[in-house]
Amino acid sequence: MQYQTQAATPTTTLAVEQNKVLRNTYMMLALTMIPTVIGALIGTSLDLSFMAAHPIMYPLMMFAVMMGMLFAVAALRNSVWGIVALLGFTFVAGVFLGPILQVALSLKNGAQLVGMAAGGTGIIFFSLATIATVTKKDFSFMGKFLFIGLILLIVASLANIFFQIPALSLTISAIAVMIFSAYILYDVSQIVHGGETNYLMATLGLYLDIYNLFIHLLNLLMAFTGERD
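Residues in the sequence shown are numbered consecutively from 1, following the numbering used here.
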């Protein structure tokens, strides 16, 4: 009996720690939505003539800024400044939603499409996060395949900045929806099974999954159901 109690203690402690990381991650994830919404409101009110005049430079600049801020969050992940960096990143990410939101809201049913994309993103996230948490299945085996798919997706997206092929854009968005949905399973599973113990990095991963899922869902909805004047 004494042996069993001693053997169970580390397991119990690990489970408590994993639940704490998961709980803190979800709390932080909810908090990141505030600067994202504020940033998006600012982004939709900005004059984006610069983007129209520089259709290649703007996406590359956006990519460079977001990558720089991602590295800042990673570098500060073990300090309180990591929280500041993460909230700053989500604010900037919200501002960068401005262009696609402006295009969407220029459609007759634009507000409805934005709502559908947000609702669809929420449903996908909560469904897959629940599956990863309740089933306790370890989805870490997906890591290598998802990473390769992500790299190919980034390369294709960067290439399409120069070629501007509508069919390729839709293909990229369809594949992105599948990849980032799978990443939700993977990232939540990492937390549940102790693969990710830093709640800031866990939050960042899930935030990027949700952010990209929303963008690509909205892009698909605009292409197939957008009503133009």
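None of these hints come from the bench; they were simulated from the model.
Quick caveat: nothing in here was measured; it's all calculated off a predicted structure.
Keep in mind that a hint or two might mislead.
Now the in silico label distances, taken between C-beta atoms and shown as ranges [to be verified]:
#, residue 1, residue 2, range
1, F163, M27, 23 to 33 Å
2, G194, F163, 34 to 44 Å
3, T135, S157, 29 to 39 Å
4, F145, V80, 31 to 41 Å
5, F145, L46, 21 to 31 Å
6, V80, L41, 21 to 31 Å
7, M27, G88, 27 to 37 Å
8, F162, E17, 25 to 35 Å
9, I175, N109, 24 to 34 Å
10, T13, S157, 13 to 23 Å
11, L41, G194, 14 to 24 Å
12, V37, M62, 10 to 20 Å
Using N, Cα and C, we set each Cβ at its ideal position, and we do this for glycine too.
ask   = Looking back at the numbered hints, which does the structure fail to meet, lowest number first?
value = When the structure is compared with the hints, numbers 1, 5, 7, 8, 10, 11 turn out to be violated.
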